[in-house]
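Go ahead and model the full structure; you've got the sequences and the hints to work with.
Single-letter residue listing:
Protein chains: 4
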Amino acid sequence: MDNITLMDRLVHIRNNKRFEAFIIFVIIASAIMVGVKTYQLSPWLINTFLVLDWAITIIFLLEIMVRFLATPNRWDFFKDAWNLFDTLIVTISLIPLDNAEMALVARLIRVFRVLRMISIIPELRILMNSFFTALPRLGYVMALMFIIFYIYAAFGSLFFEKVNPELWSDIAISLLTLFRIMTFEGWTDILYETMDVYPWSWAYFISFIFLTTFAFLNMVIGIMVSVLEEEHINETELNDRVVTLKDLHGEIKDLHSEISELKSLILENKK
Amino acid sequence: MDNITLMDRLVHIRNNKRFEAFIIFVIIASAIMVGVKTYQLSPWLINTFLVLDWAITIIFLLEIMVRFLATPNRWDFFKDAWNLFDTLIVTISLIPLDNAEMALVARLIRVFRVLRMISIIPELRILMNSFFTALPRLGYVMALMFIIFYIYAAFGSLFFEKVNPELWSDIAISLLTLFRIMTFEGWTDILYETMDVYPWSWAYFISFIFLTTFAFLNMVIGIMVSVLEEEHINETELNDRVVTLKDLHGEIKDLHSEISELKSLILENKK
Amino acid sequence: MDNITLMDRLVHIRNNKRFEAFIIFVIIASAIMVGVKTYQLSPWLINTFLVLDWAITIIFLLEIMVRFLATPNRWDFFKDAWNLFDTLIVTISLIPLDNAEMALVARLIRVFRVLRMISIIPELRILMNSFFTALPRLGYVMALMFIIFYIYAAFGSLFFEKVNPELWSDIAISLLTLFRIMTFEGWTDILYETMDVYPWSWAYFISFIFLTTFAFLNMVIGIMVSVLEEEHINETELNDRVVTLKDLHGEIKDLHSEISELKSLILENKK
Amino acid sequence: MDNITLMDRLVHIRNNKRFEAFIIFVIIASAIMVGVKTYQLSPWLINTFLVLDWAITIIFLLEIMVRFLATPNRWDFFKDAWNLFDTLIVTISLIPLDNAEMALVARLIRVFRVLRMISIIPELRILMNSFFTALPRLGYVMALMFIIFYIYAAFGSLFFEKVNPELWSDIAISLLTLFRIMTFEGWTDILYETMDVYPWSWAYFISFIFLTTFAFLNMVIGIMVSVLEEEHINETELNDRVVTLKDLHGEIKDLHSEISELKSLILENKK
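Sequences listed follow chains A, B, C and D, in order. Residues in the first sequence are numbered consecutively from 463, following my numbering. Residues in the second sequence are numbered consecutively from 463, following my numbering. Residues in the third sequence are numbered consecutively from 463, following my numbering. Residues in the fourth sequence are numbered consecutively from 463, following my numbering.
Everything labelled a hint here was simulated from the structure, so no lab data went into it. C-beta atoms are modelled at their ideal positions from N, C-alpha and C, and glycine is treated no differently. Please note that the accuracy of each hint is not assured.
As the list claims (entries may be wrong) - In silico DSBU-like links for lysine-lysine, alpha-carbon gap of 30 Å or less:
(1) K725/C x K725/D
(2) K715/D x K725/A
(3) K725/C x K715/A
(4) K624/B x K499/A
(5) K715/A x K715/D
(6) K725/B x K715/C
(7) K725/C x K725/A
(8) K715/C x K725/D
(9) K725/A x K499/B
(10) K725/B x K715/B
(11) K715/B x K725/D
(12) K725/D x K725/B
(13) K715/D x K725/C
(14) K715/A x K715/C
(15) K715/A x K725/D
(16) K479/D x K541/D
(17) K725/B x K725/C
(18) K715/A x K725/B
(19) K725/A x K624/D
(20) K624/C x K499/B
(21) K715/B x K715/A
(22) K715/C x K715/B
(23) K715/B x K715/D
(24) K715/B x K725/C
(25) K725/A x K715/A
(26) K624/D x K499/C
(27) K541/A x K479/A
(28) K715/C x K715/D
(29) K725/A x K624/C
Said to hold, decoys possible - So, partial list: chain D residues that the calculated Cβ filter (under 7 Å) puts toward chain C:
(30) F608
(31) I613
(32) A616
(33) I633
(34) K725
(35) L727
To be verified - Where chain D lies over chain C, by a calculated footprint (3+ residues, C-beta under 8 Å):
(36) 646 to 656
(37) 664 to 671
Laid out in structure tokens, this is it:
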């Protein structure tokens, strides 16, 4: 009996708007601290931040415990990847890291805490989810682009190594050079340099730019648009158009029943 | 009675095409003056502009008074944000600003007057409104992008500060550097410089470019497309397709009435 | 009678695939000549080109005369803007231009002849038309962008003139500088230079980039997409879906006639 | 009888998931080898790679033979362009290329083998096919862009040759310069240089950028979006909405049969 009351209280706390606002405030505070720490700080501020850091860690710990205990079937809590992420971030924060090496890890954890902003605001979570939904389709486009990059990089390091070994000496460097060309950053320097040795190499560069930048990047846009529209259609169109078709369906059903009524009347007449 | 006649006259003036054209002409003249003032001017021109400036301010004042008085329920006038903006711009123009410091403010006000172009031309107002409609959704994407920027900036000033303090010394400078990288402006210089110290830092830069430029920028495009399409669907599709479904609905209704007529006939027959 | 036969022959020539192919070949030849002339040429080639040029002009003249005379109602010929353009280009080619000054105009006309490629290939003409259809909507976006550019340019030449007069001395130069910033070409040099004097000027540049590049350019994309989709919907959707609705309409009509047949049967029964 | 059993076995092998996984593994191994070869290698590794290369060639040969023999109507095998491509790559690999000149061709073939990745993974093949589907429409846009490029290049080499012969000396170089301007790479250097001689040349550059980058590139995006949506509509909409219309069609058909049943009943009644 007592246990149920505790559960109810926890659910009440979890759903409380003020509780949520307080947690968002703490996350923002933690994010600002991460930013402020990149400046030169007075020893007094460093000590204050050390205390604040522990306070934030404890608040996060309490918050996750509340949310965990407020879940009816407790192991369902970890089925949500965001909850898992939150728990992981908080647990690692709790491990005492003393030596210099570990201090860096501790700072990295503080930085990742900023990501909790996404897990706590539903609209951002939806955005991230729609991004993850697009990932599998995007993944194949990325694979296709990587194949194109790889082939061009292999050709590049085969032919242009002598032109400029800094840009084309092996496949990894060539891949980076091609990525640079795709962003158009100083690509004409590379082009002119290569054309001095191979006058026809413009075909290599322009075909690469066409294939990657124009064609495939646009394909990425296309996928994005289709994902967003799919979502959009799910929201609006289903409410509008298809419902009207459902109405028609209902109306035609009414016709059926009316006609069968007619039929029974005629059959009665017959008798 | 007299008051009503005045009101009618004001409405007549406000809706007059020539009045609107004259105001647009005055706004354009005021915009051109703003532009011409950036050149070296003869003292004579400066004095002419001073007079013209006051003339424009008075014309704007009269125009807003006409539009305000022509509104039946006068406080509704300020419910339109564009009217509020117009009134603000004109009122501030009226304040006499004499000392040098204030002269700058006066010049700024003259510049903002160009924005009246948007408030007077309905098509531009629609465009701006559709942009403001997209803002809330865009806002969340911006928030997500800012979180990504912030985390990368924190990492950047944590690791790369020693590489180039001018680019990575604190989080504000790192954010600007990352914005620069997102625009691809000289980003490879930063990349090569950082890779000399941290050979694996390309992963930092390329993952950042992927996350911000490719994925999220496209998401912005997606939102824009969906907003514009929504608007588009509202205009055309509702007139076309759904009306046809409504037609079907009407026709099926006719069927119902015809069948009920049949039913009454059969019932009559029965008797 | 004889006249009608001539007309028929001209229509026959105009619609002849070989005639069209020959004209396309001549246009391509004329385009190649334009290109070849940019190289150093032997005197013999220059003379050959002079002859070829006249041959091309005469062929174009004959072609337009055929197309003009083959139009049943002759003044309809000039109602098509492309025909007007073709006629203009050919007529100007016919004017003998002897002195040096005029030789340049003659060369320009030769260059514009390449545009005849668009007027002769229907698919390219459709593309151009769809571009012109988008223009009015694009025009308002351009106007909005110009207003934003103008306001930023006015601010730029007001505040940054002392920082770098080469970039911000007057409104025209400032507009060009802002266009450069929009293309991200060396924009960080301008940013760093300005931030040395005005540390808060990053807000000016970043807000400008956001407003122009991100928001409005995407709006252009949105308009393009909507225009292309409109066209697309006109082509496919009307053939597919709405036809199905029409089918339903027809089927429901059939129901009506069947029910009225039933009615007459019942009425007959009654008697 | 024996022959049919062999056929069945081959089909069994071809459809075996492990066989497919093994081939993908071999293709990846071959791709990695292509990459590793761009580094400095020990003689031992070079020899190992020589053996591995032959092994891969033989595995590919066997795989294609399996797939060829498992096709019921064998000449259908070559109707698929991807099969033709695979066969070509493998056959050329088999030709012994000994002299230095030919060694390069051999290396190129090894690089092209990476493309087999696309032919073996169905999702990538679909992506490539959707790209090829877009090509004809894209082709016309490219043609239009080329015409614009050509006209601007002709103007460029006519007027700007004296400004900078390295960039504008003939039409081919001008085309490359214009492509560079379209990518915004150092375009302002060219602009300022040209404006020193022709102060109005900014109109040339800005109109070119507008025409190519903004208008037509967006058109490419539009086409991409429409192709992807078409595909998307084919997949989802046909399953959803039109099926509902089909349902209605079926239901109305039922109404017809019910009414005709009624009719026969009434007719029976009459008798």
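The hints, checked one at a time:
Restraint check for K725/C and K725/D: the C-alpha separation of about 10 Å stays at or below 30 Å, so the hint holds. For the given pair, K715/D sits about 17 Å from K725/A by alpha-carbon distance, which is consistent with the 30 Å threshold. For the hint pairing K725/C with K715/A, the CA-to-CA distance comes to about 21 Å; that is within 30 Å, so the pair holds. For the given pair, K624/B sits about 16 Å from K499/A by alpha-carbon distance, which is consistent with the 30 Å threshold.
With a C-alpha separation of about 12 Å, the suggested pairing of K715/A with K715/D holds against the 30 Å cut-off. Taking the CA atoms of K725/B and K715/C, the gap is about 20 Å. The hint holds against a cut of 30 Å. The straight-line distance between the Cα atoms of K725/C and K725/A is roughly 13 Å, inside the 30 Å bound, and the hint therefore holds. Using a Cα cut-off of 30 Å, the hinted pair K715/C and K725/D holds, with the two alpha carbons roughly 17 Å apart.
Between K725/A and K499/B the alpha-carbon distance is near 88 Å, which puts this suggested pair outside the 30 Å criterion. Restraint check for K725/B and K715/B: the C-alpha separation of about 15 Å stays at or below 30 Å, so the hint holds. Straight-line distance between C-alpha atoms of K715/B and K725/D comes to about 21 Å, which keeps the hinted pair within the 30 Å bound. A threshold of 30 Å between alpha carbons decides the hint, and for K725/D with K725/B the separation of about 13 Å falls inside it, so the pair holds.
About 20 Å separates the Cα atoms of K715/D and K725/C, which keeps this hinted pair within 30 Å; it holds. Proximity of K715/A to K715/C is assessed by CA-CA distance (about 17 Å); at most 30 Å being required, the pair is judged to hold. Among the hinted pairs, K715/A with K725/D is consistent with the structure: their alpha-carbon atoms are about 20 Å apart, no more than 30 Å. Our distance criterion of 30 Å between C-alpha atoms is met by K479/D and K541/D, whose separation comes to about 24 Å.
Taking the CA atoms of K725/B and K725/C, the gap is about 10 Å. The hint holds against a cut of 30 Å. For a cut-off of 30 Å, the pair hint linking K715/A to K725/B stands: about 17 Å separates their Cα positions. Between the alpha carbons of K725/A and K624/D the distance comes to roughly 94 Å, so the proposed pair goes past 30 Å and is violated. Between K624/C and K499/B the alpha-carbon distance is near 16 Å, which keeps this suggested pair within the 30 Å criterion.
Only pairs whose Cα atoms come within 30 Å are accepted, and K715/B paired with K715/A is accepted, the gap being roughly 12 Å. A C-alpha spacing of about 12 Å is found between K715/C and K715/B, which places the hinted pair at or below 30 Å, so the restraint holds. For the given pair, K715/B sits about 17 Å from K715/D by alpha-carbon distance, which is consistent with the 30 Å threshold. Note on K715/B and K725/C: the hinted pairing holds, with a Cα-Cα distance of about 17 Å set against a maximum of 30 Å.
Between K725/A and K715/A the alpha-carbon distance is near 15 Å, which keeps this suggested pair within the 30 Å criterion. Distance check on the hinted pair: K624/D and K499/C sit about 16 Å apart at the alpha-carbon level, within 30 Å; holds. A distance of roughly 24 Å separates the Cα atoms of K541/A and K479/A; the hinted pair therefore holds under the 30 Å criterion. Between the alpha carbons of K715/C and K715/D the distance comes to roughly 12 Å, so the proposed pair stays at or under 30 Å and holds.
Distance check on the hinted pair: K725/A and K624/C sit about 94 Å apart at the alpha-carbon level, beyond 30 Å; violated. A cut of 7 Å between beta carbons decides the hint on F608/D: the least distance to chain C is about 9 Å, and the hint is violated. Satisfaction of the interface hint for I613/D is found here, the shortest Cβ-Cβ separation to chain C being roughly 5 Å, below the 7 Å cut-off. Interface restraint check for A616/D: the shortest CB-CB distance to chain C comes to about 4 Å, inside 7 Å, so the restraint holds.
A distance limit of 7 Å between C-beta atoms decides the matter here; for I633/D the minimum to chain C is near 4 Å, and the interface restraint holds. About 6 Å separates the beta-carbon of K725/D from the nearest beta-carbon of chain C, less than 7 Å, and the hint is met. A hinted interface residue such as L727/D counts as satisfied when its beta carbon comes closer than 7 Å to some beta carbon of chain C; here the least separation is about 10 Å, so the hint is violated. Coverage of a stretch by a chain is defined here by at least three residues with a beta carbon nearer than 8 Å to that chain's beta carbons; for the stretch 646 to 656 of chain C and chain D the count is 3, and the condition holds.
Residues of the stretch 664 to 671 of chain C with a Cβ under 8 Å from some Cβ of chain D number 0, which does not satisfy the need for three, so the listed coverage is violated.
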